[in-house]
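Trainee: Following the hints, complete the assembly by docking chain B onto the known chain A.
Read top to bottom, the protein sequences are chains A and B. First residue of the first sequence: 325, per the working numbering; consecutive thereafter. First residue of the second sequence: 325, per the working numbering; consecutive thereafter.
To be clear, the hints were calculated from the coordinates, so they are not data collected in a lab. Please note that a few of the clues may not be correct.
A pair counts as met if it fits within one copy or between any two copies, since identical chains are not told apart.
[Claimed, not checked] Listed next, the in silico SDA-like pairs over lysine to any residue satisfying Cα-Cα at most 20 Å (straight line):
| hint | residue 1 | residue 2 |
| --- | --- | --- |
| 1 | K587 | G570 |
| 2 | K587 | R574 |
| 3 | K587 | P577 |
| 4 | K507 | R328 |
| 5 | K507 | G426 |
| 6 | K456 | D571 |
| 7 | K587 | A575 |
| 8 | K507 | E468 |
| 9 | K507 | G529 |
| 10 | K507 | V390 |
| 11 | K507 | L648 |
| 12 | K587 | Q443 |
| 13 | K587 | D571 |
| 14 | K400 | P381 |
| 15 | K507 | R444 |
| 16 | K587 | A566 |
| 17 | K456 | L648 |
| 18 | K456 | F434 |
| 19 | K507 | L518 |
| 20 | K507 | P394 |
| 21 | K587 | N576 |
| 22 | K456 | T601 |
| 23 | K400 | A580 |
| 24 | K507 | A650 |
| 25 | K587 | A646 |
| 26 | K507 | A413 |
This one's a predicted model, so the numbers in the text were calculated from it and none came from an experiment.
2 protein chains.
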Amino acid sequence: MSGRAVTVALDGYGAEQGFEVLAEGARLAAADGLGVRVFGPERPLGLEDAPGVDVVPTPEFIGNDVDPVPAVRAEKEASVVRAARDVAAGNAGAMVSCGSTGATMAAATFGLRRIQGVQRPALAVQVPVPGKPVLFLDVGANVEVRAQHLVQFAFLGAAFSAAVLGVSNPSVGLLTVGEESGKGRAEVVEAHRLLGQAPGIDFAGNVEGRDLPAAAVDVVVTDGFTGNVSLKLLEGTANTVAAAVGDAARANPIAALGGLLLKPALGGLRRELHPDTTGGAILLGLRGIAVVGHGSSGAEGIANAIRLAARCAEVDAVGRTAALLAEGGAARAALAAEVDA
Amino acid sequence: MSGRAVTVALDGYGAEQGFEVLAEGARLAAADGLGVRVFGPERPLGLEDAPGVDVVPTPEFIGNDVDPVPAVRAEKEASVVRAARDVAAGNAGAMVSCGSTGATMAAATFGLRRIQGVQRPALAVQVPVPGKPVLFLDVGANVEVRAQHLVQFAFLGAAFSAAVLGVSNPSVGLLTVGEESGKGRAEVVEAHRLLGQAPGIDFAGNVEGRDLPAAAVDVVVTDGFTGNVSLKLLEGTANTVAAAVGDAARANPIAALGGLLLKPALGGLRRELHPDTTGGAILLGLRGIAVVGHGSSGAEGIANAIRLAARCAEVDAVGRTAALLAEGGAARAALAAEVDA
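Chain A on its own, in the form it takes in the complex (with noise of 0.2 Å):
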């Protein structure tokens, strides 16, 4: 694999399209310049001459139908698992799974470890916005929190959003039910308090549904449960509200020849709205980079799952998040210490 800028363990399981779709996905990538190291089945996929593309015979994997947890830390050999191990070897510097959320999740943090003082690793996602896509976190890691993770994943979406998106002092809203200190859950509301004190970070304060399609904030912050639930709404309202303008545009001959003179302009939009384009979910607060693709992905949104993996590793993601976490701890540190004192 030498030559190749990143290398990226891939789980050559779990992409609904088939091996086929995963593996034209891995050889796009590689197409880059990036090294592929596939965990897949032992039946030819087609990759034997891919450069960039190496494949490892993997016959076990782990899927969806199964507690990850339990099968993660009994299935030593399944492909997630060896991808992981892979990237804690430091034969590929990121991994990638379009296969279980569940299992990515468990494979990764048991393979890769937490970052020193991160209590729970949380799910990030670029929400595609037209014009400015917003970092969205916890997409589903954690289903119930308490204020402190909340805290914790306004700072790893902070030092993610400016490490590996570039984007300078980014600002972070808290997702609730309204804009004053005092709305929502008790643990938001604490939550909201802690980041009010917080040094070290860009703290907008709270953001209601409407802000994230907005973009009013550059990092979103809630529990697992509220942010799966309205990434998904947030994907069905986009598809649906496209699939009316396209009904719309099959009403009668005018509207059709309108749709047609308008169609090239819109797709860009479409391509920004599509869930492949931002390549995946993030699991952000581990020692190592791990990507969760759409299992729906096509072969382009498996490719740009690789490549989003390849760009953390390739930008430091993970030791820039810990300095910025450790700088923001070190201050937090400070305030604990001025409050009791």
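Mentor: For chain B alone, coordinates are given in the frame of chain A:
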């Protein structure tokens, strides 16, 4: 007000677009044959000679900037409190306010009281999904809930869907992070178990964020935190996508022509998606009808809120909901006896 099908008590304050717009909304609804009693300012609203509209001079009101529960308890002559009292006294069949949601909920809950057996009233909206509206609750009355509250919301939503929206045997889904019964917060998992055993309701199991805009079920149940975030997110996303389509239609002259030709066919979609179309949220579980209109409503939105309240009164939504809840209660009691045996 004789000869008017239904009379609605309207809070004369809280419309962000001003008294004139509120008055125009009252006039539009009255033109349909409804009676409207406006608890508004003493200064003329231009409604003096409007047929079907009575103005009850009311100088006091509760703003958005105060804690609603103590304000409603203290300010007996505030417009929203008087509107609720008007319904309780039988002068009006329903109330509408476009002011503070919290104050409206408090005034309605204190003034109209709960249906027997209802622990927590819930705020429900018809989500403007193109083609088939979905009843969605709770969208903000209860930011923290227990499992039995979610179960009650399911029965309240199903009863309203059948009684007012005319859906026969409405299907009810529980909003969470995955289809499997074990997915979600503890109270959601428990509510799933309880609803799975409950007779008298067509429980469709868990639904995810994407199922709401896809109208996969007739009624979607969640807590008031997730519901409020989701509703605002859905409205915001629809706006963002619609605006992006508009931007695309300004990208170049050919796209502009396309947009122009497509515009008439898109008009229906724009109407369907506009929050004003549904008129607002309904507080379910009370012995009277209270509709919370959008503060940002235009005259048509205010008229639609009044029409929605009147329709609920005309079909005896309260009586039919109470009857369905009592049936469900009897069925649940029978089930509990069976479980105990």
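Trainee: Each hint should be assessed against the structure and marked as holding or not.
Mentor: Results for each hint:
In the homo-oligomer, the alpha carbons of K587 and G570 lie at most 20 Å apart both inside one protomer (10 Å) and across protomers (12 Å), since each shortest distance falls under that limit. Within a single copy, K587 and R574 get their C-alpha atoms as close as 13 Å, and across copies as close as 12 Å, so both meet the 20 Å cut-off. In the homo-oligomer, the alpha carbons of K587 and P577 lie at most 20 Å apart both inside one protomer (15 Å) and across protomers (13 Å), since each shortest distance falls under that limit. Taking the shortest Cα distances, K507 and R328 never come within 20 Å of each other, neither inside one copy (50 Å) nor across copies (41 Å).
Taking CA atoms no more than 20 Å apart as the test, K507 paired with G426 passes between copies only; the shortest distance there is 12 Å, against 31 Å inside one copy. With identical chains, the CA atoms of K456 and D571 are at most 20 Å apart between copies only, with a shortest distance of 15 Å across copies and 27 Å within one. In the homo-oligomer, the alpha carbons of K587 and A575 lie at most 20 Å apart both inside one protomer (16 Å) and across protomers (11 Å), since each shortest distance falls under that limit. For a Cα distance limit of 20 Å, the shortest separation of K507 from E468 qualifies both inside one copy, at 18 Å, and across copies, at 12 Å.
Proximity of K507 and G529 under a CA criterion of 20 Å is satisfied intra-copy only: 11 Å inside one chain copy versus 30 Å between copies. In this homomeric assembly, K507 and V390 come within 20 Å of each other (Cα to Cα) only across copies, at 13 Å, whereas the closest approach inside a single copy is 38 Å. In this homomeric assembly, K507 and L648 never come within 20 Å of each other (Cα to Cα): the closest approach is 29 Å inside a single copy and 33 Å across copies. In this homomeric assembly, K587 and Q443 never come within 20 Å of each other (Cα to Cα): the closest approach is 47 Å inside a single copy and 52 Å across copies.
In this assembly of identical chains, K587 and D571 lie within 20 Å of each other by CA distance both inside one copy and across copies; the values are 13 Å within and 13 Å between. Only within a single protomer do K400 and P381 lie at most 20 Å apart by alpha-carbon distance; the minimum there is 14 Å, versus 76 Å between protomers. Taking the closest pair of Cα atoms, K507 and R444 come within 20 Å of each other only across two copies (19 Å); inside a single copy the shortest separation is 24 Å, beyond that limit. In this homomeric assembly, K587 and A566 come within 20 Å of each other (Cα to Cα) both inside a single copy, at 12 Å, and across copies, at 14 Å.
Within a single copy, K456 and L648 get their C-alpha atoms no closer than 23 Å, and across copies no closer than 48 Å, so neither meets the 20 Å cut-off. In this assembly of identical chains, K456 and F434 lie within 20 Å of each other by CA distance neither inside one copy nor across copies; the values are 34 Å within and 45 Å between. Only within a single protomer do K507 and L518 lie at most 20 Å apart by alpha-carbon distance; the minimum there is 15 Å, versus 30 Å between protomers. Taking CA atoms no more than 20 Å apart as the test, K507 paired with P394 passes between copies only; the shortest distance there is 16 Å, against 38 Å inside one copy.
Both within a single protomer and between protomers do K587 and N576 lie at most 20 Å apart by alpha-carbon distance, with minima of 16 Å and 12 Å respectively. In this assembly of identical chains, K456 and T601 lie within 20 Å of each other by CA distance solely inside one copy; the values are 13 Å within and 30 Å between copies. When the C-alpha separation of K400 and A580 is checked against a cutoff of 20 Å, the pair qualifies neither within a copy, at 55 Å, nor between copies, at 58 Å. For the homomeric pair K507 and A650, neither the shortest alpha-carbon distance inside one copy (30 Å) nor that between copies (34 Å) is at most 20 Å.
In this homomeric assembly, K587 and A646 never come within 20 Å of each other (Cα to Cα): the closest approach is 45 Å inside a single copy and 51 Å across copies. Proximity of K507 to A413 under the C-alpha cut-off of 20 Å is found in neither arrangement, the shortest distances being 46 Å within a copy and 33 Å between copies.
The earlier numbered hints that this structure contradicts are 4, 11, 12, 17, 18, 23, 24, 25 and 26.
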